[in-house]
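Engineer: Read off the chains here:
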Amino acid sequence: MGATAASDLAPLLSVLMRTQHRRPATLEEALLSLAAQSCDDFELLLLAHDVSEDGIRELQALVDAYPPSFVDRVRIVPVHGGGRARPLNVGIREALGRYIVILDDDDVALSHWVAEFQKAAALHPTGVLRGLVAQQEVAPVLWHGTTPGYDVVGRPRCPWQQTFDVIEHFTENHSPTGGWAVPRHVFRERSLQFDESLPVLEDWDVLMQAVLTIGVSSIDQIIVLARLWRTGDSSTLLRSEVEWHRARSVVLARLDADSLALPPGSATRLHIMGFQAQEATTRIADLTDELSAARSELQQSEAARRDTEGQLLAERRKIAEIWSSRSWKLSKPLRGVGRLSRRYRRPPPDGG
Amino acid sequence: MTLAQGSAPPAVTVQTVLYRHSLAEVRRWVLGVANSVRVERAHGLIGPVSLRIGDSSPDPTLTAVQVEQMSEEFGPWGVVDVAYEHFGANLGSAGGHNRLFEADGAPYFLILNPDAMASPFLLGELLAAAEDATVGIAEARQLPLEHPKEYDLQTGDTSWASGAGCLVRSEVFAQVGGYDAESFFLYCDDVDLSWRVRLAGFRVVLQPTARIFHDKRLNLDAVVETGEVELYYSAEAALMLAWKYSRLDLVDEWLEHFLTSPIPLWVDAAHAFAKRRSDGALPAPIDPEGRVAQFLGMHFARHRYLFSD
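In the order they appear, the protein sequences are chains A and B. Each residue of the first sequence is one higher than the one before, counting from 1 in my numbering. Each residue of the second sequence is one higher than the one before, counting from 353 in my numbering.
Bound-form chain A, shown alone (with noise of 0.2 angstroms):
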């Protein structure tokens, strides 16, 4: 019998997991995430970003704390410098896993997380796996009034694509990180990596030129569970709408560089989505006219109304003028005698 390869007690899957330690709350419950995890065919690369000799010290004694079967599964990774995509970086460059998942300090694995990946691997092992993310509410709070925490102020939602489609991620990734895994070798093979400019959308840009390479397969569950603070430190909120629209524009631009494989359908996709986009655009242009013929209209019918005014205005003033006239006054009395007159012309009543 031969040597096992090396690639054969190669873990399934090497989790990324950025932390600055700002939230050890949450931290300690994507650790419990992940030690609960139904598969343990992973390991764990807690990268530790900008964070204090203290800071280390006081993650190992928290990674240290949970079973040794996981801690051994473990390792912390101090970066230094860089954006949030440093880290990932430094996390590919360390890792040993067949494939490269993101799972954020802030983030809860369902405990099928791995072994959904598994599956999925082995159903389909060259492309891109991706299953789905559900997004919970959280407001931070103090519990007990001293420790930083967080409260649950809504339900789990799913807001994006349960299928995927590369022609809808053009437009906006429905992809968030947890929910997804690039085998590893293409990171090798392609010279793949986290754009350290971005400031967001790092992992838009980097699915985006994994799935167009190798494709991707669906796993149809939620199998992660992220928060969306509604308050706080996080990047959706702490970066402007132009750091979005700048860093859109680097990605479209580094997809624009070279021609695109698209999946098997995309052509008549294409097609409708033209065909739709041309339809609208006359179909608006169309609807502009009859605003504008519309707006003529109620310009003209303004003007005649103006005038009419204007006439019925004129007329008033020559009536009044006639009315304080000294001819009227003078010709009062006749006025009283012709109303008689015209009252006794009329044929008496019945009888008469």
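The set of hints was computed from the structure by calculation and includes no laboratory data. Quantities reported herein were computed from a predicted structural model and do not represent experimental measurements. From the three backbone atoms N, C-alpha and C, an ideal C-beta is built for every residue, glycine too. Check before you lean on any hint, since a few could be wrong.
Stated by the list, open to error - Computed spacing ranges between beta-carbons, pair by pair:
| no. | chain 1 | residue 1 | chain 2 | residue 2 | range |
| --- | --- | --- | --- | --- | --- |
| 1 | B | 424 | A | 9 | 45 to 55 angstroms |
| 2 | B | 424 | A | 163 | 44 to 54 angstroms |
| 3 | B | 394 | A | 72 | 10 to 20 angstroms |
| 4 | A | 215 | B | 433 | 53 to 63 angstroms |
| 5 | B | 433 | A | 192 | 31 to 41 angstroms |
| 6 | A | 253 | B | 650 | 52 to 62 angstroms |
| 7 | A | 64 | B | 415 | 30 to 40 angstroms |
Could you slot chain B onto chain A? The hints should help.
Structural biologist: For chain B alone, kept in the frame of chain A given last:
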């Protein structure tokens, strides 16, 4: 957590009731609890811990060898005893825990669902909450899906404690007569216990830093699906709770609702309750003034959010 000067750290019994759970789940349960014992013993926060595993499954889940292996593996961590009992009958959650409870045992016992894993600091955090002598039950916070009922963020006070994970003061449990297993088979036994503990003058609190991972899955609508067992027994339990806590108005309303429901299991549960009522087999109503019982729709506490739209 701090202990009173000179006091020995308290002993705790940790108990669970199995029903068709896998060996892997039982292993995870034991590992989590034993690990919390290991961690909290090192901090001097906990004394001897015994595990009590009851089994309502049709066939035994564990063999004597497996139980012995657990004892040997986790003995060095501070688990002094692992006891397993196959009940030979389905006693339900309430009946099973009553059977496992030892009135002359440890001053505290932790009820923990078999599909839950204890966090490393669970025991210490729950004992910290229970240090206050007014606390009768200290509840753990569940992950990934926290129960939506309200709790006071400052004091932890809450209407009732979930039996998925809660630490109970043994003398209080004995004082109130344990679970009402005659009335509640599977659901609302924890609500009823909590309310009787509160009627006895003790508090029920949730300790947010005491965490358990309670294995739940979400369907594609991000909702936990309700199985047939839950459908039936939760309906039966709701009627029982309304009866026991002197809300005959709700009994009538809910009976009508369940009897006319398109869900056959609800109809069955309503009939079963009605038969018990006509047989005179219902518990004597308590809390006529509504001092502790809360009925808000079909919830027994104010909820921060609903689990479905």
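Engineer: None of the hints should be skipped; say for each whether it holds.
Structural biologist: Evaluation of the provided hints:
A C-beta distance of roughly 29 angstroms is found between residue 424/B and residue 9/A, which places it outside the suggested range of 45 to 55 angstroms. At about 50 angstroms, the beta-carbon gap between residue 424/B and residue 163/A stays in the expected band of 44 to 54 angstroms. A C-beta distance of roughly 18 angstroms is found between residue 394/B and residue 72/A, which places it inside the suggested range of 10 to 20 angstroms. Range check, residue 215/A to residue 433/B: Cβ separation about 54 angstroms, and the 53 to 63 angstroms hint holds.
Checked against the hint of 31 to 41 angstroms, the pair residue 433/B and residue 192/A fails, with Cβ atoms roughly 54 angstroms apart. Judged by the Cβ atoms, the range 52 to 62 angstroms given for residue 253/A and residue 650/B holds: they are separated by roughly 54 angstroms. Against the hinted window of 30 to 40 angstroms, the Cβ-Cβ separation of residue 64/A and residue 415/B comes to about 32 angstroms, which satisfies the hint.
When the structure is compared with the earlier hints, violations turn up for hints 1 and 5 and for no others.
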